[in-house]
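Novice: As a plain string of letters, each chain reads:
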Amino acid sequence: MASCWRRCSPTLFPDETGSSNAATRWVSAGDAKPAFISVTAKRSARRPAGPRAVPRAPLTKWLVSLPPTLFLLVILPLASNFLIRIYAWIILLGPVDLLYTPFAVIAGMVYVHLPFMILPLYSNLEQHDPALLEAAQDLGAGSWTRFWRITLPLSLPGIWAGAALVFIPVLGMFAIPELLGGTRDILIGSLIKEQFLESRDWPLGSTLSLLLTATVLVLAGLSVWAASPRRGRAR
Amino acid sequence: MTRRRRSLWLRAAALTVYAFLYLPLAVVVIFSFNDSLLNAEWVGFTTRWYAVLFDDTAMLHAAANSLFIALTAATTATVLGTMAGIAMQRWRTGFLRCLPFLVLTPVAMPEILLGVSLLLFFRQVLDLTLGMISILIAHITFSIGFVAIIVRVRLAGLDGSIFEAARDLGASPWQTFRHVTLPLIQPGVLAGFLMSFTLSIDDFVITFFVAGVGVTTLPLQIYSMIKVAVSPEVNAVSTLLMALTLTLIALAAKRAPDTLKQRA
Chain X
0 MASCWRRCSP TLFPDETGSS NAATRWVSAG DAKPAFISVT AKRSARRPAG PRAVPRAPLT
60 KWLVSLPPTL FLLVILPLAS NFLIRIYAWI ILLGPVDLLY TPFAVIAGMV YVHLPFMILP
120 LYSNLEQHDP ALLEAAQDLG AGSWTRFWRI TLPLSLPGIW AGAALVFIPV LGMFAIPELL
180 GGTRDILIGS LIKEQFLESR DWPLGSTLSL LLTATVLVLA GLSVWAASPR RGRAR
Chain F
0 MTRRRRSLWL RAAALTVYAF LYLPLAVVVI FSFNDSLLNA EWVGFTTRWY AVLFDDTAML
60 HAAANSLFIA LTAATTATVL GTMAGIAMQR WRTGFLRCLP FLVLTPVAMP EILLGVSLLL
120 FFRQVLDLTL GMISILIAHI TFSIGFVAII VRVRLAGLDG SIFEAARDLG ASPWQTFRHV
180 TLPLIQPGVL AGFLMSFTLS IDDFVITFFV AGVGVTTLPL QIYSMIKVAV SPEVNAVSTL
240 LMALTLTLIA LAAKRAPDTL KQRA
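As you go down the protein sequences, you meet chains X and F in turn.
Sequential numbering from 0 applies to the first sequence in numbering that gives the first Met the number 0.
Sequential numbering from 0 applies to the second sequence in numbering that gives the first Met the number 0.
In isolation and in its complexed conformation, chain X is listed as follows:
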């Protein structure tokens, strides 16, 4: 979990990048677990005013209480140690003979990092103006068109932020390939680890680390640029 919380922030420094509502809130949310709660609390407070709250009271109540719960449920798995989550996959994949394959490595990585894709997307989607979708519907757009032409383009900043939040930590990963992968599933993370702890070739290890650092910085910069709301709106 430590790992995970640490990773929440590559969508980087809110004040320095001048990024946005969405990104700022996401960063604050990522940096302090508790923030998720207040974000969702605010959302539910706002909800009844929205157009979807028209139905009868009990249903409305259900709608209001549901999203924060669902949202919390995405975060909670992060509360378990990341080794435990990998161990779960050792148990699951062992009996079906999929352990120690590239498939196992990918499954483990997706499992460990999925919440980091969902969270920025959620904080992005939450800010969409429902009136846009309604206007589109009034103008005759079907559900697919509405998604393709409105929701998806508006979500791009969230998609980019999420992609970076997943991609960057995965780049440095060594524990997952080591535990779930076979001997041939070596990533740059495993290589760096090997140089420092096994073959003791520190200069080579440092060079690889520097390469990784440079890659991460470039990617982080790109994602901040891509995730900026100005670009989202321009599309």
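Careful, some of the hints might be misleading.
[As the list claims (entries may be wrong)] No more than 20 Å apart at the CA atoms, straight line, and that leaves these computed lysine to any residue pairs for SDA-like:
(1) Lys253(F) <-> Leu243(F)
(2) Lys226(F) <-> Glu177(X)
(3) Lys226(F) <-> Glu193(X)
(4) Lys226(F) <-> Asp55(F)
(5) Lys226(F) <-> Asp96(X)
[Said to hold, decoys possible] Only part of the chain F face toward chain X is listed, based on derived beta-carbon distances under 10 Å:
(6) Leu36
(7) Glu40
(8) Gly43
(9) Met108
(10) Pro109
(11) Val115
(12) Ile221
(13) Thr238
[Stated by the list, open to error] If you want the ones that stay clear, here's a sample from chain F, every Cβ over 12 Å from chain X, calculated:
(14) Asp158
(15) Ala170
(16) Gln174
(17) Val204
(18) Phe207
(19) Pro231
Treat the hints as calculated values from the structure; they're not laboratory data.
Everything numeric in this text was worked out from a predicted model, so none of it was measured.
Beta carbons are placed, not taken as given, at the ideal position from N, Cα and C, and that holds for glycine.
Start from chain X and add chain F according to the hints.
Specialist: Only chain F this time, still in chain X's reference frame:
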């Protein structure tokens, strides 16, 4: 009609995602009560793996280490991080504008990079023997940024004129801090402490690099166990660890809505 069909579809997709997120963890918990050495099929209910766990001196020793490191690191990081947070909030011009960047960078890098750079620093620069001290320094390093962020968020939501008022009324800087600032940021400080504690007790990657041979923490112990074989004892320790983190999160969440509402 289309609306209804779409919501059904959405519900199915959401259900799949939640199942994906939770089933593996459920399997870990369920098999911790399974009366069989293999995590393969359900044989019967038992708590014997918990008994095995509490008889395992290596595991208990690792747990004690983790607890000690987490408490010490969290306390130190809370003090330093609070100071950094206050400084970040107060000085936003000149050279000190880089301060947030410097504090936050370790937070944003892949852990392995922080791990190897700390390892290099300890060995090549400080010539420190790896062990308890190096683990403590490493954990404090990665926790400070989080405390600083939380404290700064809390401070940003406060009205700065109260501090000026305290000074106008004759309070010394220390008195202002002790009687005005600290009580106001206290929830943020506590949340920062709890966060550092969970980060520290859970950390694997960075500890892996800086631990050396002598000292083992709980995650390191779990890692060496699951690398060798699947054992229900690991299920048991995982279940207990999950329960502990959940409790801490609940505590932090109780404190925090207030902290973060200020900002929004």
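Novice: Are the hints correct? Go through all of them and say.
Specialist: Now for the hints, and whether the structure bears them out:
In summary, the hint linking Lys253(F) to Leu243(F) is supported, as the alpha carbons are separated by about 16 Å, within the 20 Å threshold. Of the supplied pair hints, the one linking Lys226(F) and Glu177(X) holds, its CA atoms being roughly 8 Å apart against a limit of 20 Å. A threshold of 20 Å between alpha carbons decides the hint, and for Lys226(F) with Glu193(X) the separation of about 16 Å falls inside it, so the pair holds. Distance check on the hinted pair: Lys226(F) and Asp55(F) sit about 18 Å apart at the alpha-carbon level, within 20 Å; holds.
Restraint check: the Cα-Cα separation between Lys226(F) and Asp96(X) comes to about 17 Å, which is no more than 20 Å; the hinted pair holds. Checking Leu36(F) against chain X by beta carbon gives a least distance of about 13 Å; that is not within 10 Å, so the hint is violated. Interface restraint check for Glu40(F): the shortest CB-CB distance to chain X comes to about 9 Å, inside 10 Å, so the restraint holds. Hint on Gly43(F) is violated. Least Cβ distance to chain X is approximately 18 Å, over the 10 Å limit.
Contact between Met108(F) and chain X, as hinted, is supported at the beta carbon level, the nearest pair being about 6 Å apart and thus within 10 Å. This hint holds: Pro109(F) has a C-beta 3 Å from the nearest C-beta of chain X, less than the 10 Å allowed. The closest approach between the C-beta of Val115(F) and any C-beta of chain X is roughly 5 Å, which is under the 10 Å cut-off, so the hint is satisfied. For Ile221(F), the shortest C-beta to C-beta distance to chain X is roughly 5 Å, which falls under 10 Å, so the interface hint holds.
A distance limit of 10 Å between C-beta atoms decides the matter here; for Thr238(F) the minimum to chain X is near 9 Å, and the interface restraint holds. Non-interface status of Asp158(F) relative to chain X is upheld: no Cβ of that chain comes within 12 Å, the nearest being about 19 Å off. For Ala170(F), the requirement that its beta carbon stay farther than 12 Å from each beta carbon of chain X is met, with the minimum near 29 Å. Every C-beta of chain X lies more than 12 Å from that of Gln174(F), the closest at about 29 Å, which supports listing it as non-interface.
Not every CB of chain X is more than 12 Å from the CB of Val204(F) (nearest about 6 Å), against its label as outside the interface. At roughly 8 Å, the least C-beta separation between Phe207(F) and chain X is not larger than 12 Å, which violates its mark as non-interface. In this structure Pro231(F) is not separated from chain X by more than 12 Å, as the shortest Cβ-Cβ distance comes to only about 10 Å.
The structure is inconsistent with the numbered hints 6, 8, 17, 18 and 19, although it conforms to all the rest.
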